[in-house]
Structure formats: C-alpha cells, structure tokens
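2 protein chains.
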Amino acid sequence: MSKLKFQPVKGTRDFYPEDMAFRNWLFGKMREVSKKFGYQEYEGPILEPLELYAAKSGEELVKKQTFVLTDRGGRKLALRPEMTPTLARMVAQREAELPKPIRWFSIGPRFRYEQPQKGRLREFYQWDIDILGSEAPEADAEIIAVACEFLKSIGLISKEVKIKVNDRSLMEQKLSLIEVPKGKIQEVFKAVDKKEKMAEEEWDKWLKEIGLTSLQVKDLKGILKDRDFSRESEKLTRIFSTLSDLGVSDFVEFDPNVVRGLDYYTGIVFEARDVKSKFRAILGGGRYDNLVEVVGGPKIAGTGFAAGDVVIEEVLKEYKKTPKISFCPTRVLVTVFTEGFFRKSLEVATLLRRSNIETELYPDPASQLDKQLKYASQKEIPYVVILGPEEAESGKVTLKNMATGKQKTISINEVGRVIL
Amino acid sequence: MSKLKFQPVKGTRDFYPEDMAFRNWLFGKMREVSKKFGYQEYEGPILEPLELYAAKSGEELVKKQTFVLTDRGGRKLALRPEMTPTLARMVAQREAELPKPIRWFSIGPRFRYEQPQKGRLREFYQWDIDILGSEAPEADAEIIAVACEFLKSIGLISKEVKIKVNDRSLMEQKLSLIEVPKGKIQEVFKAVDKKEKMAEEEWDKWLKEIGLTSLQVKDLKGILKDRDFSRESEKLTRIFSTLSDLGVSDFVEFDPNVVRGLDYYTGIVFEARDVKSKFRAILGGGRYDNLVEVVGGPKIAGTGFAAGDVVIEEVLKEYKKTPKISFCPTRVLVTVFTEGFFRKSLEVATLLRRSNIETELYPDPASQLDKQLKYASQKEIPYVVILGPEEAESGKVTLKNMATGKQKTISINEVGRVIL
Numbered sequence: 033m034s035k036l037k038f039q040p041v042k043g044t045r046d047f048y049p050e051d052m053a054f055r056n057w058l059f060g061k062m063r064e065v066s067k068k069f070g071y072q073e074y075e076g077p078i079l080e081p082l083e084l085y086a087a088k089s090g091e092e093l094v095k096k097q098t099f100v101l102t103d104r105g106g107r108k109l110a111l112r113p114e115m116t117p118t119l120a121r122m123v124a125q126r127e128a129e130l131p132k133p134i135r136w137f138s139i140g141p142r143f144r145y146e147q148p149q150k151g152r153l154r155e156f157y158q159w160d161i162d163i164l165g166s167e168a169p170e171a172d173a174e175i176i177a178v179a180c181e182f183l184k185s186i187g188l189i190s191k192e193v194k195i196k197v198n199d200r201s202l203m204e205q206k207l208s209l210i211e212v213p214k215g216k217i218q219e220v221f222k223a224v225d226k227k228e229k230m231a232e233e234e235w236d237k238w239l240k241e242i243g244l245t246s247l248q249v250k251d252l253k254g255i256l257k258d259r260d261f262s263r264e265s266e267k268l269t270r271i272f273s274t275l276s277d278l279g280v281s282d283f284v285e286f287d288p289n290v291v292r293g294l295d296y297y298t299g300i301v302f303e304a305r306d307v308k309s310k311f312r313a314i315l316g317g318g319r320y321d322n323l324v325e326v327v328g329g330p331k332i333a334g335t336g337f338a339a340g341d342v343v344i345e346e347v348l349k350e351y352k353k354t355p356k357i358s359f360c361p362t363r364v365l366v367t368v369f370t371e372g373f374f375r376k377s378l379e380v381a382t383l384l385r386r387s388n389i390e391t392e393l394y395p396d397p398a399s400q401l402d403k404q405l406k407y408a409s410q411k412e413i414p415y416v417v418i419l420g421p422e423e424a425e426s427g428k429v430t431l432k433n434m435a436t437g438k439q440k441t442i443s444i445n446e447v448g449r450v451i452l
Numbered sequence: 033m034s035k036l037k038f039q040p041v042k043g044t045r046d047f048y049p050e051d052m053a054f055r056n057w058l059f060g061k062m063r064e065v066s067k068k069f070g071y072q073e074y075e076g077p078i079l080e081p082l083e084l085y086a087a088k089s090g091e092e093l094v095k096k097q098t099f100v101l102t103d104r105g106g107r108k109l110a111l112r113p114e115m116t117p118t119l120a121r122m123v124a125q126r127e128a129e130l131p132k133p134i135r136w137f138s139i140g141p142r143f144r145y146e147q148p149q150k151g152r153l154r155e156f157y158q159w160d161i162d163i164l165g166s167e168a169p170e171a172d173a174e175i176i177a178v179a180c181e182f183l184k185s186i187g188l189i190s191k192e193v194k195i196k197v198n199d200r201s202l203m204e205q206k207l208s209l210i211e212v213p214k215g216k217i218q219e220v221f222k223a224v225d226k227k228e229k230m231a232e233e234e235w236d237k238w239l240k241e242i243g244l245t246s247l248q249v250k251d252l253k254g255i256l257k258d259r260d261f262s263r264e265s266e267k268l269t270r271i272f273s274t275l276s277d278l279g280v281s282d283f284v285e286f287d288p289n290v291v292r293g294l295d296y297y298t299g300i301v302f303e304a305r306d307v308k309s310k311f312r313a314i315l316g317g318g319r320y321d322n323l324v325e326v327v328g329g330p331k332i333a334g335t336g337f338a339a340g341d342v343v344i345e346e347v348l349k350e351y352k353k354t355p356k357i358s359f360c361p362t363r364v365l366v367t368v369f370t371e372g373f374f375r376k377s378l379e380v381a382t383l384l385r386r387s388n389i390e391t392e393l394y395p396d397p398a399s400q401l402d403k404q405l406k407y408a409s410q411k412e413i414p415y416v417v418i419l420g421p422e423e424a425e426s427g428k429v430t431l432k433n434m435a436t437g438k439q440k441t442i443s444i445n446e447v448g449r450v451i452l
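Protein chains in written order, with my numbering: chain A, 33 to 452; chain B, 33 to 452.
All the pointers check out, no bait thrown in.
A pair counts as met if it fits within one copy or between any two copies, since identical chains are not told apart.
Quick list of in silico lysine-lysine cross-link-like pairs, DSSO-like style, CA-CA up to 30 Å: (1) Lys310 to Lys352; (2) Lys214 to Lys96; (3) Lys67 to Lys353; (4) Lys108 to Lys96; (5) Lys349 to Lys67; (6) Lys229 to Lys240; (7) Lys432 to Lys132; (8) Lys411 to Lys61.
I should point out that these hints are in silico values taken from the structure, not numbers from a laboratory.
Given only the sequences and the hints, what does the whole structure look like? Please build it.
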C-alpha cells in the first residue's frame, strides 16, 4: 500500500473496536469501584483558561507540557493537562449548595506535550476520584482503599503492585531536623520526586545547587532509605490502621521517596507502582487542602488521585493480565439469500431486534451467501440466520451455530431462546 | 459570594453529577441502539492534523469554525470539529484487514468556534454512526432506521420530530433541468442549505450573484416546495420502501430543502428536525462515497450520521421528555455514632460493599449523627445504617428507610435483602 496521506498526530491513538473494547472494560472497572464507594460522576470542559493551571499545578506542567491555543478573541486556552484544577473550580463555583463530603469521580481525556514513550502519550485518559470537605485521615485512607480495590478489580495482586504512601508534613519535619530552611523545602521535594530518574552524581549536584551541604545530602539519603518512621506521623498511623480495617493492607506501604510532583499537595501523598519499578506511576495522588481557595472558593480540604490508562495497559501486559474481550456486539447475522428474499430477511432482523437480540442484516441484497458467511466468521459473529425458499415456504428459518457448524431449521420465535 | 477568579471558557460546560447523569443516560441510549444493529464502538484522537479537514469538510467549517493550535514543532493541529474525516482516515489505514461492511459508531467531544446560543456550544458531544463498504440504498435505509429507533428510545414521537430525506443526485438532475450549469451546483446547494436562516430577498440576491436568472430562482423555489417527486429517484424509492419494512415510515419524509452543508456528501442526505423547526438539526448525515479515497485510502462507499447532545437536550426539554434520573449511586450511608464506633462502622461498610451494595461511610469520625442524617437526606440516599452501643452489643445494625422514616434493627446479613 502506498504511504497514507494523513498520519495520526504523534502521541495520539486510534481506538479500533478491539482497542475500544479494552478501554470500555477498563473505564467500566473504574466506574464500578467508584460507585461501590458511593462516588458520583462529573465531567468538566476539555478547554480551560490557561491561568487555572498557572495557579498551582507547578511550573513544569504549565510552561513545558501544556498544549496552549489562542482563541480568535486572543484568550489563552489550555487543553487540560490534569483534572484537579477543574474540580476545584467547579466545587468553588457551587460550594454553598453541595452537601459535604463531596465524593466525585471523572474519566476523560488529558493532554500533555511530552516526548511519547512507553507508558506516556500526549493525548491520554485519566480517572480522577476525590473526596472534598473532610480533613480526616480516614478520608485519605478511603481514597487509597478505592485505589486498592480498583487494582484488584483489574486482576493485579499485591505481589505485582504496591501503593506507596507518604506524608509531606512529616517530610518537612524531617528536613527541618537536618536544618533545611523552610524556603528550600519545595525545591528539595522537587529533587526527591526526580531522584529515581537521575544518576546519583547529577542528583547530588542539584541538591548542592539548591544549597544543601554534603552532610545534609547524606542525611537526606538516610531519611529516604529509612522505611521505619511512619509512626512518627499520627496521620499515617491512622491511615495505615484504617486501611488494615478496610482489608487492603497488603497493597500499601510507607515510602519516604514519594512526594509527588504537583505543587498543590499539602499532606498525604501516594502513588501505585509495579514492584519492579519498570513503569511510571500507575496512579498518584494526595491531599490538597488549599486548592479550592486558590482558585477563588472558600477553604475546602480535598484528597484524591488520578490513574492514567496508558501505564495501566502496559502493566497489565507485563503481568499477562490483559483480558480477552469480545469486541463485536452482534449475536446474529441475518443473511440475504437472493435479492428477492431481502424483504423477508429484513423482517426477521427487525423481529430479532425487537426481542433485544443484537442483530446485523447483510446490507447488500445482491451479495453471494458464501461471502456473507465469510463475513460472519471473520467478525466472529456466533450465529447466522439463513432464509431461503424452503424456509420461506415453511415459515421457518435456518439457524447456524458458527462455532460448531451445526444448523437447524426452527421457527423465528425460537431463535431468541437458542441464542440468548 | 465574590466574583469567582476563574470562569469556564465560553461555550464549554461543567457537568455536575446531575448533568453527567443525563449525559450518561443519553450516551447509553446511543450505545444501546448502535449495538442492537450490531455496530462496533471506535474512537479517534481529539487532536488531528488540520489538513485532514481541509480535504473535504467545507470551507466554513475549516476556515472559520475550527480551533487550531500550533504545536511546539510548528505543526498545525485541529481540535476535531467532526468525526467523519477521522473515521475515513482510520478505515483507509487498515482497509485490507477490516471485514466489510464496516459498521462502526463513536461518541465523543467535538469543537467548533461558533457563537454560543440555544442548541449550539463550542465544546459539545456527538454520536457518529456509519456503515462503510456498501453502496446499496438499503444501507442508507438502515442508518436512517437507527436514527428513528434512537429518537423513539429517548421518548420522542413522530408527531414531534421528523427525518427529512433527500438525494443530492436527484437535486442535481432537477437543477440541470432548469439549466443550472454543473459548476454552479455546489454553490446552489450551499444557498439551499442556508435558505431557512435568511430573508427571502437576501437569498434571492445570493442566487443571482451565483449567476441564476430570476426565472431560475423562481423554478428553484418551485422545486423546493414540491414534496412529490421522490419517486423519480430509484434510490429514494428503495429507501422509503425499506424504511416501511423496518417499521419506521411514520418518522420519515422526503424534503428537497435538505442538502446538508458538508462538501463530502455524494448522494442521500438527511436530517432530523423538530416539527416546529424551532431548533437546529437534531441529527444529520448522508452518503459520502469518495471520502476514504480523498484521505488516501481506496474507494470505499460510506453512509452515516452525527447527532449532537446539545440540540437533543433542548428538544427533550421543549417536549417535556427530559427523564428524571437519580444521580447518586449510593444505596446506603453507614453513619459513625461516635469516634469509638468508627472501626465498627468501617467494617459494616466494607461488608456491604463486598455484597455489591453501593455504600458510603461518613468519613469524619467526630461528626454529629444529626449532621450525617442531614447529609443522607440532602443527597437522597435511600437507606442509612446506624450502629451505636445497643446495636454493637446485639451484633446488629439499625437500618433506616429515609423515604418512610421507618427503621428496624436487623443483622448485617439481612441488610442486602432489604435494600436490593
């Protein structure tokens, strides 16, 4: 075939029916778990004012990774790179009338101008789930439990993925103890967030540029290796205890290396990773107690996470957990024997649809029966109805089971019973 | 409340849970009808190369109404204003391996830079459904029947909405008969498409600018008033006959005024309108036998339509057909009696979720019971579980029906039976 005239844009995807079936399965699992915990679905615009992100999302996301367009009125618009600022804006807008706690989730497209690679695309989908209006660590625990239940529901087990939890305020205390000045803490968090992706030497250099001494760098590394100080945080203690009551403690662990990259997190942060650390975070989130206020609303505490579809797909492949999903909804193909039988076939197809059977009619009255049967077999349609002169005379149809090849002549009313 | 810092972008929407529930209901109906006829779901990128639309969508859509952005590599990208060019591109890409006929549908966001008004937004959703690989008028008839079944499924009747069908090639013949030169026909179609929105005088002037004489304008008006010449088209005759067999003829009628605005239509065109013509088209489509070829594939015939969510919502409101949809998934709220009972409540909530009951737990262990009950009633949660000292001692829970106010103390295992 000659080279195609139009290629899809780099970092975007075409979802052919088999891809879409996987996506629908995945989104279905996200919806199911969200609803099981009583979360309501919402959605916001894909186009948002650029300044909404400038407010708090962090410089990297806004300046380097956001798709920006200028509308014909000269306003700068962003293709939303993440959902939380939209959520905060929507909550701020109707704060007075929304019963608290607000338990909301959303699934939709996000856009980031990054170099496409394994697990990372420019146009991707995320599930966001949040609880607003509660400062209790039990709310964080619930959100983390939702994440665990989701991972279980897609077939992943705690030997394959772990949710690593940390508390930014605990880390701040630790950094104070090694005398990192308050003004440098955000910068140090940024460095901790990138540590895994950098050579040690390079990372040390960065910390020294921030202003840390060699001793402080050494102490910081000591803190990051320690897995044992979570009980110094009352919040973490309550969270791990609640998660144990929720029956998901095998999925969670304390990890001081997790601080997350977004600037708006104020306390608990967490992310799910494959245990081999082969992929980016499967999901990540945390507590953001100031964001609603920052976008112009009252102060409402919030906690939640986002899970991207691209990494999840990769992780499922890695652990051979990708489900086999049928992507043809059709239960039966009604064939057209010859042109003269088209009307009769049409009638049968209509009757079957009225009995709630997903039915395709072969649309070309002049096609050969062979070609029609081949079509059914290519599309893996389980049953075929044949309606020729004999059947027409007896008022019956021949129903062929495509898997076994067996066929029998029955009345139209019986078709539903056999197929369903 | 003070003015909010961030407003949503003009022409976009925030979908709060009640709005999202309507959207999910509507998309659910679209999916249901599509699958009933054996169509497979697909989806494409939201970002496409701008030139994909330049190919055939028509100047107005591309030059005036498309949101364009330049990526950091200098390429011009469009936020897709419609789906058919993406569909054609995807089919062209995998033509050899796709069994024909291809029956596909998709539901997703589209973007058009138009002046927002009743029934028209800049960011909206469309359902696209198409059949490719068949030139038979019976394929057009099926697509129109899908449209009728959809309208029925959302509660509209043939006294409220009609699908107006026409054949562009029949219109070409008619225009030839009044000696409109071939080269002017597309321009005349454009004028016919806009006729309804213009003053008669203004419209006459436009036609004269195109080059029509006063007599030709008069004759054209005669053609457009005539509802009786559809039998001159063999295609239309076969379509109306098939639609009658499909049991939907009350929804369809011939209308020479319908030519549709997109340049790629080659034959049958149709649109659904409210009978009062108060709104724009509810859905519109037609046959495009050259589009796959234009985007670089082989010649594959296609026919289909798109239905936008904004007009549908308006039409349902007009005819008082908007359904009342519950938008809180929660079946039961488990309250927390006092802090000491939190763990017990958590256990009950977890048990209920394991029995597939959508369960919310009040997340603040320190909240008053009154406040929790008020929350349940505001959110219209049907049942509340109360678990205090008496219940804990007897190993039971009190289940309160929020609609009747009645409550009884039962064992946890019985809760599911009462609620479901």
